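There are 2 protein chains.
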Amino acid sequence: MPQLLKVQNFNVSSDGVGAGENQSLERPFGDGVEPERLFKWAGATASWPNRTEPGGTRGLDDYLTRDFSHNIGAEIMGRNKFGPQRGPWADHEWQGWWGDEPPFHTPVFVMTHHHRPSITLSDTTFHFVDGDPAAVLAQAKEAAQGKDVRLGGGVSTVRQFLDADLVDTLHIAVSPIKLGTGLRLWDTPDDLLDRFHLDVVPSPSGVTHHLFWRK
Amino acid sequence: MPQLLKVQNFNVSSDGVGAGENQSLERPFGDGVEPERLFKWAGATASWPNRTEPGGTRGLDDYLTRDFSHNIGAEIMGRNKFGPQRGPWADHEWQGWWGDEPPFHTPVFVMTHHHRPSITLSDTTFHFVDGDPAAVLAQAKEAAQGKDVRLGGGVSTVRQFLDADLVDTLHIAVSPIKLGTGLRLWDTPDDLLDRFHLDVVPSPSGVTHHLFWRK
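Respectively, the protein sequence lines represent chains A and B. Counting from 23, one number per residue, gives the positions in the first sequence under my numbering. Counting from 23, one number per residue, gives the positions in the second sequence under my numbering.
None of these hints come from the bench; they were simulated from the model. Each hint should be verified, as a subset may be incorrect.
[To be verified] No farther apart than 25 Å at their CA atoms in a straight line, the calculated lysine-lysine pairs in the BS3-like style are these:
id	chain 1	residue 1	chain 2	residue 2
1	A	K62	A	K163
2	B	K237	B	K163
3	A	K237	B	K169
4	B	K237	A	K62
5	B	K62	B	K200
6	B	K163	A	K169
7	A	K62	A	K169
[To be verified] Listed next, with one range per pair, are the computed distances between beta-carbon atoms:
id	chain 1	residue 1	chain 2	residue 2	range
8	B	R236	A	S36	43 to 53 Å
9	B	G54	A	A160	29 to 39 Å
10	B	D187	A	W111	33 to 43 Å
Quick caveat: nothing in here was measured; it's all calculated off a predicted structure. Note that CB positions come from ideal geometry on N, CA and C, so glycine has one too.
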C-alpha cells in the first residue's frame with residue numbers, strides 16, 4: 023500500500039479562511055476567528071477526542087471525526103499549530119498548545135527554521151525539523167512505518183505542500199460562516215480540480231464536507 | 023465506552039429489498055438479486071477489502087468502506103450469510119461462502135439451531151450458536167473484549183435484532199435500483215424514526231447512505 027499524505031478535519035469558513043492574522047497565546051486562531059464556531063460540527067460528534075460527557079451524534083460527521091486516527095503513523099504541522107512564537111525558541115518550558123495528552127499519539131514533525139530538542143508528552147513526540155516539504159515528508163513517512171501521514175495545517179503549511187504537489191487527499195469542512203479576512207486556504211474549492219477529484223457532501227449539521235483525492 | 027451493536031455497509035434496493043428468496047450456492051443473494059449491482063458503490067472504493075488492483079475512489083463512499091473494521095471485535099450473522107444450507111449440517115467439509123481469508127478477522131457468531139463445531143479460517147473463527155438475540159449478543163460482546171459488535175445480516179437477522187431493540191447504529195446504503203420482490207428490510211426508512219436519529223446522505227456515486235443512531 024502506498025503511504026498517503028492526508029489533510030483531515032481541516033476547517034475553513036464559507037470564504038475559505040482557516041485562521042486569522044496575529045495568532046497569540048490568547049487567540050490561537052488569530053484575530054476574528056473563534057475556532058469553536060468552525061469546529062462546532064466535530065465537537066457535537068460521539069467520537070470527538072475532547073468529549074468529556076457521553077452522548078454525541080453518530081451520523082455523517084461522526085464518520086469524519088472517527089477517521090482522524092485511522093492508519094495514521096505521523097503528523098506534519100507548521101510551527102503556528104504548535105505555538106504562537108516566532109524566531110528562535112526563547113522559552114523551552116512552554117511545550118505547545120496541546121497539553122499533557124496531545125491528541126496525536128504519533129510522532130509529530132513541527133516545521134521550523136529554529137532548532138529545538140524533541141519533546142515527548144504522553145504518547146506523542148514532537149520533533150522540530152527544518153527542510154523543504156519533500157524532505158520533511160520523507161522523514162515523516164519513515165517515522166510512520168508504512169502508515170499514512172497526516173498534514174495537520176495550518177493554512178500556510180497546507181498551501182506549501184499543495185504547491186509542492188505532495189498531498190494525496192484532503193478533507194476540508196466548510197462552515198456556513200463568512201469571515202472576510204484572515205489566512206485563506208483557497209478562493210474557491212475549484213482551485214484544486216485540475217489535480218483532484220472532489221466529492222461535495224453537505225451534512226445535516228450545516229457544514230459541507232469537501233473530500234478531495236488525487237487524479 | 024459502551025459496546026455498540028452496529029449494522030455496517032448493509033445494502034438494499036430503493037424499495038428496501040436486501041436479498042431475494044431461494045438463496046443457493048450459485049445465487050447467494052437469491053432470486054433476482056445481483057449483489058454486484060447493490061455493492062457497486064463499495065467495490066469502486068480504494069478501501070474495498072476485495073480490491074485486487076490499486077486505485078479506487080477516496081471520497082465519501084471510501085469513508086464508509088474503510089470504517090468497516092473500526093473498533094469491531096466480533097460479528098453476528100444469520101445462518102444464510104454463512105451458507106445456503108437449511109436444517110442439520112450435512113456437509114462439514116464446505117466451510118461457508120467466505121473462502122480461506124474471510125474479511126472479518128474476528129470471532130463470528132453464526133446463529134443456527136443446529137450444532138456444529140467452530141471453524142477457524144485464517145484470523146476468523148466461526149462459532150455456531152443457538153439462542154435468542156440478547157443471549158447471542160452477550161456472547162459476542164464478551165468475545166469482542168470491549169470493542170463493538172457488527173451485526174452482519176442478512177435481512178431477517180437485522181430485523182430480529184431491531185425487533186428486540188438491541189441495535190445501536192445502522193449504516194444502510196440504498197441503491198437506485200428497484201427490485202420489487204425479495205426479503206425486505208423496511209417499507210420505508212421512516213419505520214425506524216421513532217427510535218433512531220437519521221442522517222440521509224446522497225453520494226455522488228448514486229447510492230444514498232442512511233446513517234441511524236439510537237435516540
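Hint check results:
1. K62(A) with K163(A): At roughly 31 Å apart (the allowed maximum being 25 Å), K163(A) and K62(A) break the hint.
2. K237(B) with K163(B): This hinted pair holds, its Cα atoms lying about 21 Å apart.
3. K237(A) with K169(B): Outside the cut-off at roughly 36 Å; violated.
4. K237(B) with K62(A): Since the Cα atoms of K237(B) and K62(A) sit roughly 20 Å apart, the hinted pair holds (cutoff 25 Å).
5. K62(B) with K200(B): Holds. K62(B) to K200(B) sits at ~15 Å (cutoff 25 Å).
6. K163(B) with K169(A): violated (29 Å)
7. K62(A) with K169(A): Measuring from Cα to Cα gives roughly 29 Å; hence the hint is violated.
8. R236(B) with S36(A): 43 to 53 Å: violated (32 Å)
9. G54(B) with A160(A): 29 to 39 Å: For G54(B) and A160(A) the Cβ distance comes to about 53 Å; the hint is violated.
10. D187(B) with W111(A): 33 to 43 Å: violated (57 Å)
In summary, the structure is inconsistent with hints 1, 3, 6, 7, 8, 9, 10 from the numbered list given earlier, while agreeing with the others.
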